[in-house]
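Asks: Put together the whole structure using the sequences plus the hints.
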Amino acid sequence: MKTLRDTGLLFWRSALQLLRNPAWLFVSLATPLLYLALFTPLLRGLPGVAGKGTGAVMDEFLPGILALLAFSAGMGPGFNVIFELQSGVVERFRVTPTSRLALLLGPILASVAGMFVFDAVLVGVGAAFGFSVHLAGLLILAALAGLLAATSAAFSMATALSRKEIQGFAAVVQGLQLPVLLLAGVLLPISLGPTWLRVIGHLDPLYYLVAAARSLAASHLATTATWHAFAVLVPLCALSLAWATTLYRKAVA
Amino acid sequence: MTRAPIKATVTTTAIEVDGLIKSFTARGRTVEAVAGLSFHVAPGEIFGLLGPNGAGKTTTMRMLTTLLPIDAGSAVVAGIDVAKNPRQVRQRLGYVSQLGGADNLASGRENLALQGALYGMGRRDLDRRVPELLELLDLGEFADRRVMTYSGGQRRRLDVALGIVHRPEVLFLDEPSTGLDPQNRANLWDHIRGLAEGGTTAVLTTHYLDEADALCDRIVIVDHGRIVTEGTPEELKRKVAGVTVSITLAEAQRDEPRARTALEATSCVLDVTADGDVLRLHVADGSAALPEVLRALDGVGVGVVSLTLAEASLDDVFLAETGRSLRDGGPAPTGGRHR
Numbered sequence: 016m017k018t019l020r021d022t023g024l025l026f027w028r029s030a031l032q033l034l035r036n037p038a039w040l041f042v043s044l045a046t047p048l049l050y051l052a053l054f055t056p057l058l059r060g061l062p063g064v065a066g067k068g069t070g071a072v073m074d075e076f077l078p079g080i081l082a083l084l085a086f087s088a089g090m091g092p093g094f095n096v097i098f099e100l101q102s103g104v105v106e107r108f109r110v111t112p113t114s115r116l117a118l119l120l121g122p123i124l125a126s127v128a129g130m131f132v133f134d135a136v137l138v139g140v141g142a143a144f145g146f147s148v149h150l151a152g153l154l155i156l157a158a159l160a161g162l163l164a165a166t167s168a169a170f171s172m173a174t175a176l177s178r179k180e181i182q183g184f185a186a187v188v189q190g191l192q193l194p195v196l197l198l199a200g201v202l203l204p205i206s207l208g209p210t211w212l213r214v215i216g217h218l219d220p221l222y223y224l225v226a227a228a229r230s231l232a233a234s235h236l237a238t239t240a241t242w243h244a245f246a247v248l249v250p251l252c253a254l255s256l257a258w259a260t261t262l263y264r265k266a267v268a
Numbered sequence: 429m430t431r432a433p434i435k436a437t438v439t440t441t442a443i444e445v446d447g448l449i450k451s452f453t454a455r456g457r458t459v460e461a462v463a464g465l466s467f468h469v470a471p472g473e474i475f476g477l478l479g480p481n482g483a484g485k486t487t488t489m490r491m492l493t494t495l496l497p498i499d500a501g502s503a504v505v506a507g508i509d510v511a512k513n514p515r516q517v518r519q520r521l522g523y524v525s526q527l528g529g530a531d532n533l534a535s536g537r538e539n540l541a542l543q544g545a546l547y548g549m550g551r552r553d554l555d556r557r558v559p560e561l562l563e564l565l566d567l568g569e570f571a572d573r574r575v576m577t578y579s580g581g582q583r584r585r586l587d588v589a590l591g592i593v594h595r596p597e598v599l600f601l602d603e604p605s606t607g608l609d610p611q612n613r614a615n616l617w618d619h620i621r622g623l624a625e626g627g628t629t630a631v632l633t634t635h636y637l638d639e640a641d642a643l644c645d646r647i648v649i650v651d652h653g654r655i656v657t658e659g660t661p662e663e664l665k666r667k668v669a670g671v672t673v674s675i676t677l678a679e680a681q682r683d684e685p686r687a688r689t690a691l692e693a694t695s696c697v698l699d700v701t702a703d704g705d706v707l708r709l710h711v712a713d714g715s716a717a718l719p720e721v722l723r724a725l726d727g728v729g730v731g732v733v734s735l736t737l738a739e740a741s742l743d744d745v746f747l748a749e750t751g752r753s754l755r756d757g758g759p760a761p762t763g764g765r766h767r
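Residue numbers (the numbering used here), protein chains in the order written: chain R, 16 to 268; chain S, 429 to 767.
Any given hint could be a false lead.
[Unchecked claim] In silico BS3-like pairs for lysine-lysine, Cα to Cα no more than 27 Å straight-line: (1) R/265 - R/17; (2) S/512 - R/17; (3) R/265 - R/179; (4) R/265 - S/512.
Keep in mind the hints are simulated off the structure, nothing from the lab.
Replies: Listed below in structure tokens is the structure:
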């Protein structure tokens, strides 16, 4: 039960670090709200939602932003690992008998928890502008978003551990960001694209979350989109966690 | 999950290193960073690994602290085999890395409490231990300030405190005083001495001769992954040049030849060189040679203005053993493996 205790300790450590970083808090809150503020007017002209009012645009658009938040929530822990490798924190912990899994789970869970807070703010603001809140759907969506955030956090931490330098890590993250976000149809529906684009879209894990998010937010609970999302995200999360733990167990030079 | 009990053999040594080897491969070239090191450290001893950058000091320390796998040879720390039982040995050793690694956004107190908890210490134990450490390392005043506001010396003392939260039997310090001003260095040394007096065994790496000299009970000088020589600072220095005696003569031009002849005739003086008004003699043992030197000069009626003794430095030892000066540093043969 050392793992559980250590995870709790390191969760609080990470959570406190996030709370004590006002710049990070501000940007994390401002970015999704800016998306809403700047994109919603733009999307009003889109076929299908045109003329239906702000609420309808929100219903279409806000679930995608929740998915985007899940993806980007996971990047923070990776950057932190790079910093902590260079400042000796990782080494300090590695010499203690701390559970190796806890070293990963603490920051991952903290970033997921942080994401939930920002999600709640986003949904609250969205609701004020006409987003229709369906609680059951949003709770299932929260589970899926948590899975994706944990996957992306484990992936970013493992990438950071193997790259060790900010340049290598940033190259991987930025290289992935555009295709992952675009193919998932976060900002623009992928259905606007040609067949080949839609086919590649299916290789993008975020695509499944976005699809499920749209149907769940509309209160369609047991759709194939939801099942597909669970079927993709559960094993993917397990895989990325296993990969990261293996890396952590091996020498982190 | 039950484990076989670990046999912690009660020995008179805190560390036993035998034939330790580590090689790295970089760009198709394999370099032995540690090429068969063997040494023992007694409990309560302050032991120094001295050598230039790239000598293999840090690599050795990283193997002893479970951070790097051992290629060959054995290392037993606090009675536990490092390679076989890394988890158990972690509980008994403390490590202060070159970088330290305290959390900038947390206070000193919070850092210590978390570190202790990760070592499995309970709240009640920590409630006693954390204030004790803050006092021991003079951190009380800054205990609740965030570490990012600490000065270099305060931060280094916190690093040491983090290394000893769990009362380890052996404390490893990698380049403990790098980047500190002389006052803070001396202060840190006092703290390390205090720990050793309390029974903690301390192993430190350094490339500062004065640090090894001032702090260590015993030293090994390492170069290219091998031990060049071993002993107490005094022993090592005695091994080389002994003591240099500098004598300023009152009437150098008149007396120098006579003084030189008289000194060379004594049994204790190894050699004499003249440098302006000053004669420099090498003697094996300063305190034994001094009366004889003075008697010899007095015997031939040579007046002396001043006389100083200078101990041989560890640099002289390094120079004598390797043919290079430690201060030159020279290119690191393993390519700076410090992280």
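Asks: Please go over all the hints and tell whether each is borne out by the structure.
Replies: Status of each hint after checking the structure:
Among the hinted pairs, residue 265 of chain R with residue 17 of chain R is consistent with the structure: their alpha-carbon atoms are about 19 Å apart, no more than 27 Å. Between residue 512 of chain S and residue 17 of chain R the alpha-carbon distance is near 20 Å, which keeps this suggested pair within the 27 Å criterion. Taken as a hint, the residue 265 of chain R and residue 179 of chain R pair is honoured in the structure, with Cα atoms around 14 Å apart against an allowance of 27 Å. This hinted pair checks out: residue 265 of chain R and residue 512 of chain S have alpha carbons roughly 15 Å apart, not beyond 27 Å.
Of the hints listed earlier, there is not a single one the structure fails to meet.
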